[in-house]
Amino acid sequence: MPPATDAGAALVVLDLLGIFVFAISGALVAVRKHFDVFGVLVLAGTTGLGGGFLRDVLIDATPPAALADWRYLLVPIAAGLVTFAFHPTVGRLERVVNLSDAFGLSLFCVTGALKAVEYGLGPVPAALMGMVTGIGGGMVRDLLAGRPPEVFSGNLYATPALVGAGIAVGLDHLGMPFGVVAASGFGVCLALRLLAIALDLRAPKPRGPANV
Amino acid sequence: MPPATDAGAALVVLDLLGIFVFAISGALVAVRKHFDVFGVLVLAGTTGLGGGFLRDVLIDATPPAALADWRYLLVPIAAGLVTFAFHPTVGRLERVVNLSDAFGLSLFCVTGALKAVEYGLGPVPAALMGMVTGIGGGMVRDLLAGRPPEVFSGNLYATPALVGAGIAVGLDHLGMPFGVVAASGFGVCLALRLLAIALDLRAPKPRGPANV
Amino acid sequence: MPPATDAGAALVVLDLLGIFVFAISGALVAVRKHFDVFGVLVLAGTTGLGGGFLRDVLIDATPPAALADWRYLLVPIAAGLVTFAFHPTVGRLERVVNLSDAFGLSLFCVTGALKAVEYGLGPVPAALMGMVTGIGGGMVRDLLAGRPPEVFSGNLYATPALVGAGIAVGLDHLGMPFGVVAASGFGVCLALRLLAIALDLRAPKPRGPANV
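Protein chains in written order, with full-length UniProt numbering: chain A, 1 to 212; chain B, 1 to 212; chain C, 1 to 212.
These are computed hints drawn from the structure, not numbers from a lab. Since we're looking at a predicted model, the values are computed, not measured. All C-beta atoms, glycine included, are put in the ideal place defined by N, C-alpha and C. A hint or two may mislead.
Below, a list of computed lysine-lysine pairs in the BS3-like style, where the Cα atoms sit at most 25 Å apart [stated by the list, open to error]: (1) B:LYS33 with A:LYS205; (2) C:LYS33 with A:LYS205; (3) A:LYS205 with B:LYS205; (4) B:LYS205 with C:LYS33; (5) C:LYS33 with A:LYS33; (6) C:LYS33 with B:LYS33.
Covered stretches of chain C, as calculated for chain A (at least 3 residues, CB under 8 Å) [said to hold, decoys possible]: (7) 12-18; (8) 24-38; (9) 131-138; (10) 143-153.
Among chain A residues calculated to face chain B with C-beta under 8 Å, some are [to be verified]: (11) ASP15; (12) VAL37; (13) VAL57; (14) HIS87; (15) PRO88.
Turn these sequences into a full structure, and let the hints steer you where they fit.
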């Protein structure tokens with residue numbers, strides 16, 4: 001990962017921004033499920049941090065970064081409280097939330113994949129861990145809210161994350177500088193995800209009736 | 001954690017008691033869902049031990065204590081079998097179960113938080129881990145039983161655990177002796193939780209209709 | 001675990017076969033839930049690998065083997081794609097899938113239990129980890145698919161895994177050679193599970209109406 005320089009500081013700020021937008025999507029789901037304020041905060045926290053927790057537990061980077069740095073806990077709490085108080089406004093901004101979510105996804109798939117590489121995983125599992133970092137928080141959110149994971153419902157969401165993570169891992173493997181690696185993975189994931197939203201691209205579903 | 005003295009032995013007994021009452025609440029949910037005897041035992045086990053497992057995985061204290069000491073496995077099995085055999089009686093005692101549950105919650109939030117401190121977490125994440133230890137088992141129970149986590153449904157449950165854990169971490173941080181730390185955190189959590197049950201205190205819910 | 005010999009190679013092949021049949025059962029559930037191709041792949045992967053992941057996280061054998069060896073990722077992907085493309089045919093073969101599943105269960109309960117022993121767990125928790133390895137993937141599958149865990153629904157499934165794992169751990173504890181240990185645990189679990197399917201053996205359910 002980057003050294004403790006301007007690039008490093010910028011990455012932390014981006015990371016916190018990504019957590020913030022994910023946390024808002026979790027808090028909105030909790031409001032719609034009529035959970036209490038605590039449920040809103042927990043769904044904000046698990047959506048914002050869950051993907052990173054899953055990754056850190058699997059690659060043995062525990063305790064997860066978010067438990068070692070209080071800023072990572074403050075951000076989802078702030079997102080949860082804002083959504084709790086102003087949910088009609090936040091709900092109307094859902095299109096903005098969706099676009100921000102694409103930003104968070106693109107960021108997390110790259111940082112997650114590179115962290116897995118740093119912890120010694122091979123290219124294929126590292127790319128998979130990048131995808132898990134991007135989509136894991138939303139999956140935990142849907143589990144806790146008692147609804148089927150949205151990521152399986154058709155609109156292309158996991159694929160951009162996997163492609164972005166794969167590109168980052170591949171370029172890193174080729175020895176490219178960090179800036180190129182990160183920008184390429186991030187850019188490709190973001191472009192694919194925005195395209196998927198704009199054109200309503202859908203992953204193929206099984207054809208024909210399921211044999212039950 | 002305390003040394004292997006009388007205090008240590010007392011803490012183990014309290015811990016096992018806490019696991020027992022949590023396990024009974026899990027087994028009752030399984031009975032009402034018409035799960036088989038195995039489902040009753042698994043829900044007893046995950047409810048009794050799940051919070052501690054979550055904490056231990058997150059703070060890297062694996063394998064969890066419950067896997068290293070067979071007494072920790074025996075207790076939820078006993079609770080599950082008792083509930084399976086005598087569920088009409090146990091079900092009628094639900095008020096007693098609820099009060100015992102408050103005792104387990106108060107105990108686990110304190111022991112969980114202090115264990116996290118011992119493993120090097122800062123005060124804020126340690127208090128959070130205390131809350132997770134207290135409420136995690138019930139959340140896993142509700143996930144496995146396919147119902148929304150009860151902890152989000154309104155009655156004050158997580159807040160007492162977070163406050164109790166925070167008090168324990170804070171006093172420990174100030175260098176207070178273990179007895180004072182533990183008794184204060186435990187007592188405050190228990191008092192808040194019993195008040196919440198007695199007065200039906202409820203966490204605030206989002207106001208106004210959710211914008212879907 | 002066995003050395004890198006013919007026995008070791010045979011064990012890897014068996015392990016991959018077990019993952020394959022588990023992954024197919026996960027993919028079939030996803031098809032019936034109308035998940036998209038990505039959901040089919042994720043359910044194939046979590047069903048095939050989830051039990052081992054749970055075990056490895058709990059016994060601190062992270063990163064899980066499946067993340068260190070790309071063959072373990074390829075197998076569930078292949079199973080998922082095959083099921084996605086040919087699900088009417090695969091669905092009709094469900095009886096074959098169920099029998100193969102018994103094979104996977106018998107294999108995983110033994111390898112899981114012996115791995116836990118290798119990582120220092122005592123006999124009782126090691127047998128429990130063997131059972132978790134066998135049934136965990138299916139439980140994660142049912143959670144993600146939003147249905148109650150099938151393993152709680154009555155037909156004897158977890159019990160054969162626990163008995164097989166217990167036998168393997170017990171014989172290993174007595175110093176028996178690996179072949180005897182593995183064959184006995186595997187054989188007993190398989191025989192019990194096949195009997196349970198053939199005779200529709202059911203675990204007891206709570207008697208009388210649940211007191212709600």
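Taking the hints in turn, this is what the structure says about them:
Simply put, LYS33 of chain B and LYS205 of chain A have alpha-carbon atoms about 32 Å apart, too far for the 25 Å limit, and the pair is violated. Distance check on the hinted pair: LYS33 of chain C and LYS205 of chain A sit about 10 Å apart at the alpha-carbon level, within 25 Å; holds. The straight-line distance between the Cα atoms of LYS205 of chain A and LYS205 of chain B is roughly 38 Å, outside the 25 Å bound, and the hint therefore fails. A C-alpha spacing of about 32 Å is found between LYS205 of chain B and LYS33 of chain C, which places the hinted pair above 25 Å, so the restraint is violated.
For the given pair, LYS33 of chain C sits about 22 Å from LYS33 of chain A by alpha-carbon distance, which is consistent with the 25 Å threshold. For the given pair, LYS33 of chain C sits about 22 Å from LYS33 of chain B by alpha-carbon distance, which is consistent with the 25 Å threshold. Chain A is given as covering the segment 12-18 of chain C, and this is violated because 0 residues of the stretch bring a CB closer than 8 Å to a CB of that chain, at least three being needed. Figure legend: the segment 24-38 of chain C, annotated as covered by chain A; annotation consistent (9 residues with Cβ-Cβ distances under 8 Å, at least 3 required).
Counting residues of the segment 131-138 of chain C whose beta-carbon sits less than 8 Å from any beta-carbon of chain A gives 0, not enough to reach three: the coverage restraint is violated. Only when three residues or more bring their CB closer than 8 Å to a CB of chain A does the claim for the segment 143-153 of chain C stand; here the count is 4, and the claim holds. Because the smallest distance between the Cβ of ASP15 of chain A and any Cβ of chain B comes to about 17 Å, over 8 Å, the interface hint for this residue is violated. Annotation: VAL37 of chain A was flagged as interfacial toward chain B, and the flag holds, the nearest CB pair being 5 Å apart, inside 8 Å.
Hint on VAL57 of chain A holds. Least Cβ distance to chain B is approximately 6 Å, under the 8 Å limit. With a cut of 8 Å, the hint placing HIS87 of chain A at the interface with chain B holds, because the nearest CB-to-CB distance is about 5 Å. Checking PRO88 of chain A against chain B: minimum C-beta separation of about 5 Å stays under 8 Å; hint holds.
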